[in-house]
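J.: Sequence:
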Amino acid sequence: MTRLNKQVVFVRRPSGRPTPDVFELRSENLRPIEANEYLVRNHVIAMDPALVSRMRNESNYAEPVAVGEVMHAYTVGEVIESNCPPVPVGQMRVARFGMQEYTIASESLGGFPVDTERNPASWYLGVLGTTGATAWLSFEEICDPKPGETVLISSAGSSVGTVVAQLALRAGCSVVGIVSTPEKAAKVQSAWGFKQVLSYRDKSIDELSQELAQACPDGVDVYYDNTSGDISEAVLDHYNVGARIAVVGRMALSHLADTRLDVGRRDNNVILSRRIRKQGFVLSDHLASMPEAVNALAGLIRAGSINMQEDVLEGIENAPAAFFRMLNGENQGKQLVRLVL
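In terms of the numbering used here, the sequence shown opens at residue 1 and continues consecutively.
There may be inaccurate statements among the hints.
As the list claims (entries may be wrong) - The calculated lysine-lysine pairs, modelled on DSS-like cross-linking and capped at a C-alpha distance of 25 Å, are:
(1) K195 <-> K184
(2) K6 <-> K146
(3) K187 <-> K203
(4) K184 <-> K203
(5) K146 <-> K203
Said to hold, decoys possible - Quick list of simulated restraints, FRET-style, between CB atoms:
(6) G299 <-> R266: 38 to 44 Å
(7) N268 <-> T181: 18 to 24 Å
(8) S190 <-> S27: 20 to 26 Å
(9) Q279 <-> A186: 31 to 37 Å
(10) R266 <-> P85: 53 to 59 Å
(11) K187 <-> G16: 27 to 33 Å
(12) G110 <-> G68: 32 to 38 Å
(13) G304 <-> I33: 18 to 24 Å
(14) P85 <-> G172: 22 to 28 Å
(15) E317 <-> D144: 41 to 47 Å
(16) I33 <-> R277: 45 to 51 Å
(17) Q210 <-> R266: 18 to 24 Å
(18) P88 <-> Q196: 24 to 30 Å
What the hints contain is simulated information worked out from the structure, not anything from laboratory work. The beta-carbon is built from N, C-alpha and C at its ideal position, and this holds for glycine as well.
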């Protein structure tokens, strides 16, 4: 039986911030699978901020997507045909299967099986997937939270940001967030227990810095940096001695064709004088610890200690719209696209 596969193809490398014309919807007939291959019907696709960096042809921690290639994305899918003995028909798997309805894959693609009878498939792309593992491992290993400290989170309404906020509250910290708009700030603050949530849009660095001084009167002990750029510069004068900075994302640089062109205050003077520890985090460096993180988070969810929120669009045709909802900060929770109801 010939199957038609609808795909989102990356057709143009952006010169700055991505625009809708970087994507094109296409269809192709699937070829038969070969030896050691298996066919996946994708059920749910995740929209992650890291996809922006894959659009750039620059040295990075992950290889860029090639022009003309199906756009990268992590999905949960069901194996519906297999010539690969370790991967049986009927197994549900998480891997970088891409923005498409079907994927022909092999073991070299990586990924792992998941139990969708125990947990919803979408959880393995969010709180029990890369999102939750990133939040758990980076917060525990870099941020070293202590009761009474002030934790500041940029992109605070994101799927990673909301998990970090809940972990910080469990650690006895005071939690402040930064999001795009006043409307989103109000929703995020009421939904996730932040002490205060600020908005950055249409504000200068100095204006945001002044608001941070009021929101964090005792200074910032931990900055969970999902954005980099001007937002992070606004935090520079508010660090306490011994503060920790976890650099996890660069969404505020998405308008740059080349991230090396990012400009702003150099932070070495502040880092030295206040003995700050600043460290980047990439989940692929910590994959051996991912099962531990996922198991811990699953226990917290079942105990009611961690909540989550999903923002779901339906159909592969809406994958580009979902990507730009995520990019523009319009999503409420983890941005997903559901292909199979």
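J.: It remains to establish, for every hint, whether it holds in the given structure.
T.: To see whether the hints hold, each was checked on the structure:
Of the supplied pair hints, the one linking K195 and K184 holds, its CA atoms being roughly 15 Å apart against a limit of 25 Å. Only pairs whose Cα atoms come within 25 Å are accepted, and K6 paired with K146 is rejected, the gap being roughly 49 Å. For a cut-off of 25 Å, the pair hint linking K187 to K203 stands: about 20 Å separates their Cα positions. Distance hint between K184 and K203 is fulfilled; the C-alpha atoms sit about 15 Å from each other, no more than 25 Å.
Restraint check for K146 and K203: the C-alpha separation of about 31 Å exceeds 25 Å, so the hint is violated. Roughly 43 Å separates the CB atoms of G299 and R266, a value that falls within the hinted 38 to 44 Å. Between N268 and T181 the Cβ separation comes to about 33 Å, which falls outside the hinted range of 18 to 24 Å. For S190 paired with S27, a C-beta distance near 43 Å fails the hint of 20 to 26 Å.
At roughly 32 Å, the beta carbons of Q279 and A186 sit within the given window of 31 to 37 Å. Between R266 and P85 the beta carbon distance is about 55 Å. The supplied range of 53 to 59 Å therefore holds. Taken as a hint, the range 27 to 33 Å holds for the pair K187 and G16, whose Cβ atoms sit roughly 29 Å apart. G110 and G68 have their C-beta atoms about 22 Å apart, which leaves the hinted 32 to 38 Å range violated.
The supplied range of 18 to 24 Å is broken by G304 and I33, whose beta-carbon atoms lie about 43 Å from each other. The hint said 22 to 28 Å for the Cβ distance between P85 and G172, and at roughly 50 Å that hint is violated. Between E317 and D144 the C-beta distance comes to about 45 Å, which sits within the given range of 41 to 47 Å. Under the hint 45 to 51 Å, the C-beta atoms of I33 and R277, about 49 Å apart, fit the expected range.
Taking the beta carbon of each, Q210 and R266 are about 21 Å apart, inside 18 to 24 Å as hinted. Between P88 and Q196 the Cβ separation comes to about 50 Å, which falls outside the hinted range of 24 to 30 Å.
Comparing the model with each numbered hint stated earlier shows that hints 2, 5, 7, 8, 12, 13, 14 and 18 do not hold.
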